[in-house]
Every structure is written in structure tokens, then in C-alpha cells.
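So the protein sequences, as listed, match chains A and B. Numbering follows my numbering, in which position 138 of the first sequence is assigned residue number 138; successive positions increment by one, without gaps. Here my numbering = 1-based position in the second sequence + 322.
Treat each hint with caution, since some may be false.
[As the list claims (entries may be wrong)] Residues on chain B that point at chain A, a partial pick, calculated with CB under 7 Å:
#, residue
1, V349
2, H403
3, I422
4, V444
5, A456
6, E464
7, L470
8, T471
9, R472
10, D475
[To be verified] Calculated Cβ distances over 12 Å to all of chain B for the following chain A residues:
#, residue
11, M10
12, A141
13, K163
The set of hints was computed from the structure by calculation and includes no laboratory data. The C-beta atom is built at its ideal place from N, Cα and C for all residues, glycine as well.
There are 2 protein chains.
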Amino acid sequence: MDTLVALAAMDMAAVDALIIDRMQSNVPVIPLLAEHIVSAGGKRLRPLLTVAAARAAKGEIENPVKLAAAVEFIHTATLLHDDVVDGSERRRGKVAAHLIWGSATSVLVGDFLFARSFELMVETGEMRALGILARASAVIAEGEVLQLTRAHDLNLDQATYLKIISAKTAELFAAAAEAGAVGAGADAEATAALRAYGLNLGLAFQLADDALDYGGTSEALGKNAGDDFREGKVTLPLLLAVARTKGREDAFWDRTINKGERSEDDFRRARELIIGTGSVSGTLDAAGDYADLAKAALRILPDTDWRDALEKLADFAVSRVA
Amino acid sequence: MDTLVALAAMDMAAVDALIIDRMQSNVPVIPLLAEHIVSAGGKRLRPLLTVAAARAAKGEIENPVKLAAAVEFIHTATLLHDDVVDGSERRRGKVAAHLIWGSATSVLVGDFLFARSFELMVETGEMRALGILARASAVIAEGEVLQLTRAHDLNLDQATYLKIISAKTAELFAAAAEAGAVGAGADAEATAALRAYGLNLGLAFQLADDALDYGGTSEALGKNAGDDFREGKVTLPLLLAVARTKGREDAFWDRTINKGERSEDDFRRARELIIGTGSVSGTLDAAGDYADLAKAALRILPDTDWRDALEKLADFAVSRVA
């Protein structure tokens, strides 16, 4: 990841300046709240993908920089709404915005950033990029609702779980890369390759995140480890562990997930069962497979430092779980 | 209003069909919740404006129909989020969606409809209309936040109150009419006139709504009368009454609005004071002034049935308070 970050430093400085500029408003609480979540930074992975896709396709960078800022706004809006929806307490290593300014303001500032993202896209004049990111936004919302309605359901099959993370996470990775390629004027083949890269990278990242929630530390996550369990969110590590402890722990899972009776002791026990049955490493293996697919998609692109850095990013997606 | 509704019946049938088509999703709760609020209908005023603006400008109707559906989606998304933010219990004569499906789902389905509205706009290929509606969406969110932060503040001046209703209501009326004109290929003068009509009509409607909340019935409103008072929302009728009872009722207003201690008896007393001091009729007078401005803006348009119907709509905005 460091390689790509170094390579994209100048482009990302332009993206950051644009983000700061466009989150301004005459209503004081809007830039205050936006600052809180934007300046916490996170990895800025999605706009990085947009910029890197444009560079890897050896194209124009002016519009991709705007599209990258738009992508980050969509992502930030989604985070603000998610944290309200999930009642999460921490985000990007800080107290979640809704706990400081209230849920109402968080919802509305999310709406504001979402609208601003479309204003930025309009400036590029790139109707195709607009279509890609509008569609992605709808798919993300669908994924979130699907997760919400199926979250506490131990009968969730792995295919539905993949559908959820594909929609709520991987779709924006895919759209970020695709929009960068389109904004750069890339040909159809390169655009499709970069979209495929983004989609598989997104799946790898989300699977690794879900593994980290049981196998990692709060510091590595930037939010509380164990949040998925506390919220009764069914993810792959849990699904694997439930299957691998069938007949032995059914009552425990039924009580903690289906019935929603969960203590911190229960989390520790769940964590032991999930790690003990190899379900964290099993999830990381799946993440590794998607990282390989992401790298394979890049092969048709010209051999540049950017392509190399994108390959390394796919490896990082999985290896950050030390 | 009936004149315009009759005139636009065929166009609005096309808009409705598009709305139903585009709110579908493989995630079952999305069309269910969307149906609940969309089928309640409301007045469909904003998409009606888009279609009528296109017709009054004697232009193409295909793109305006799509833009009209997009406008209604933006409006519906805003209502869903507003009801969560305000904790409102009723909407369009029905139980508010968040009380049936929960706040989380309401927020996310709002996001979904917002994204779908941009997908519809992309289909038209009308970048200018996209810019108009993206900007309006940002302004609406700003207006909502401004209202949220100043809602319980009796020191709110009338200028700030006007800024709030201009942003949270009139901007979408203005953008709806302007987008219709742009989508119809209207010239710059007609487009500006239709935008001005929409803006002033929106102000007239909102002022009349705020008057109705004290001077009307729940049936006429489609939501509970008195909701503004119950939420401690400072609107023009209240501001006028506070000014007109200065020295006599300061303690009452301070307790009920600034301190937020409100009973149903307090609402009845506030209502008496507001009506008794002529503050409802004062608000309606202001609404009438904006309705006149709306009608004046139409003068440069060709003399058609559509222009006549838009004039009548401006009168209706104020007269619906029987």
C-alpha cells in the first residue's frame, strides 16, 4: 500500500484539497462534522483507486481527480449513515459523529455530501462516470438494506453473504476504479479490467475486515474489534465457525445471534471458537483468492509502476492481518 | 390545482409508471417501504411542476417526464429522512414509514431513492438538469441542518426563517420547474422565468403550510396539525405571535419553545394566541405576496392553457386554507 500511496501523493494532495473545498458550507455544523470524519482520513482507498486506475490506463488526470473526490464523498456519506443505522461508537479511530452531533445531523450531512459528490461529477461533464457512480450508490443502499434484514439470521447462506459484501463494499471499489478509467479516456478493455480489479479487491478487503473483527485488534481496524458480533452481524468467520461446531455449540450460537443475548464473555467465547476452528484463517484464504483475481485482471494493462503498485495493494489487502 | 392536474393527467400517468418501475429492487423491503410512501401520493406537486414547465415552454416532454420522476424520488428521499430526523408520526395521511420498518431502513431506502433519481437523470443525457438537481439536493440538506440547529431558537429572525424555507422547500420547487424547462429545450429567458415561478410558489406553499399547522386541520395537512409546535419548530406564525404578545406572554414562549416543556394544553394555548393575534392570517398574507410574484414571473411565457393552470396553482397554494 505504501508504494501506491507514495506514487499517488501529488494526485491525492489535489483530491484532498478538492474534498476540503467542497465540504464547505455557510451552515457551520456541516464543515465541522464533515471535517471530523474526513480529516480522520482512513485509508482514502477508494479515491486512491480512482486516481491509480486513471494513471494505470495512462490517461488524463484532471477529471479523475474530481471523480476521486466524488467517490470519497459517497463513501463518507455512506459511513455517516451506516454508523447511525448500526449505532456504531467509533469510526476511523475517533468517536462516531452521531454521538457528538446527533443522528439527525449525521443523516443530513451525509445527504449533503452525497449531493456534493454529484455536483463534482457534473463538473467533469462525464455522463458515463455519473452513470457508474449513481448505479453504485443504489447498489450500496440495496446491500445495506439486505444486510439489515438478514443480519441476525444464522441461516444466511454464503452466497447471500457474498452478495451483501459485494453490494455494500466491492461495488464502490469497482465503480471507483471504473470511473477513474472512464474519466481518463481509457479503452473498453482497460476499463473492464480496472473494474474487475476493483471488484475483486473490494471483496478481498471486506473479507479481511470481517476476519480482523475476530482475529485482529481495535487499532488495526480503526474501530472496536468485535463490533460485528456485538451487533449480531453474520459474517463469513461466524458462518464458518457455526458450520464447524455443528452439534456442539448450536445452543450458544442460537442464543447469541438468533436471540440476540450477548455479553462480553460471549464475545470472548465466540472469538475462541472462531479462531480455534480455523474460521479466521479460512476467511483470509477466501480473501487471498479474490486478491489473486484482482491481480490477474491487471495483466492486460501496460507494465508501469502504477500497475505494480496496484498489484502490491491487492497483496496488502490480505497481509495487513499480522 | 384541479385544472393543472387534469391538463397533466397523461404526462403524470407516464411519470407515475416510471416511479413504480424504478423503485423496484430485488431486496423486498425496498419496494414495500417505497410503495407505502409513494402510493400515498401526496400532491405530486414537484413532478407536476417539472412536466408543466416543459409544456408551458412548449418543448419536448420525454426527458421532462424522466426528470419529473427523478424530482419525486429526491422529494420522497427527503421526506423519509426528515421523518426520521423529526420523529414525525404521520406522513401523507399514513403512519410514517420509520414507525413500521424502523429508522435504519427508512434512512437507507431514502439513500436508494436518491441514487435512483440520479440514475434517471443520467438516462436523459441532460447534464444541465443534473447540475440543477444536484445543487438543489445540497441546498435542501443545508436548509434542513440549518433548521435543526436553529429550530428551538426564539431569537430566530425572519430573514433566517425565510432562508430556511427557501432552502428546504422552495429550492426543489425552483429546480423542478427549471429542470423541466431545460429538459424541454426552453430558451434562457423562459427557463429563468420558470425557475422564478417555482421558487416563489415554493415559498407560498411553505408559508401556507406553516400557517395551516396552527390554523388548519390534520385532514387538510395530511399530517398531525400542531406538529411544528410539538417539535418546538419556530415558524413564521409563531415568530409573529411572539412579537405581538411581547411583555405579556414571554414566560409562556420561553418555557414551551426555549425550554421545550410542552403539553397538549400548551399547544391549544399557543394556537389561540397565534390565531388571536392575527399571526395565521399574517403568514397567509406573506404567502399571498409570493404567489403574486410567482404569477408575475409567468408573464413572458406564451399564453397557453398550461400558463393559466400554473397561475391557478399559485392561487391554490394560498387558498387551500379554508
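Now the hints, each set against the structure:
Satisfaction of the interface hint for V349 (chain B) is found here, the shortest Cβ-Cβ separation to chain A being roughly 5 Å, below the 7 Å cut-off. At about 6 Å, the closest approach between the beta carbon of H403 (chain B) and any beta carbon in chain A falls short of 7 Å, and the interface hint on this residue holds. Interface hint at I422 (chain B): violated, since its Cβ lies 14 Å from the closest Cβ of chain A, which is beyond the 7 Å cut-off. Below 7 Å, beta-carbon pairs count as interface contacts, and V444 (chain B) has one with chain A at about 4 Å; its hint therefore holds.
Annotation: A456 (chain B) was flagged as interfacial toward chain A, and the flag holds, the nearest CB pair being 4 Å apart, inside 7 Å. A hinted interface residue such as E464 (chain B) counts as satisfied when its beta carbon comes closer than 7 Å to some beta carbon of chain A; here the least separation is about 5 Å, so the hint holds. Given the 7 Å rule on beta carbons, the hint for L470 (chain B) holds: about 6 Å separates it from the nearest Cβ of chain A. For T471 (chain B), the shortest C-beta to C-beta distance to chain A is roughly 6 Å, which falls under 7 Å, so the interface hint holds.
Violation of the interface hint for R472 (chain B) is found here, the shortest Cβ-Cβ separation to chain A being roughly 9 Å, above the 7 Å cut-off. Given the 7 Å rule on beta carbons, the hint for D475 (chain B) is violated: about 14 Å separates it from the nearest Cβ of chain A. The Cβ of M10 (chain A) sits about 28 Å from the closest Cβ of chain B, beyond the 12 Å cut-off, so the non-interface label holds. At the 12 Å boundary, the C-beta of A141 (chain A) falls inside the reach of chain B, the nearest C-beta of that chain being 4 Å off.
The claim that K163 (chain A) is not at the interface with chain B is violated, since a C-beta of that chain comes within 12 Å of its own (minimum 9 Å).
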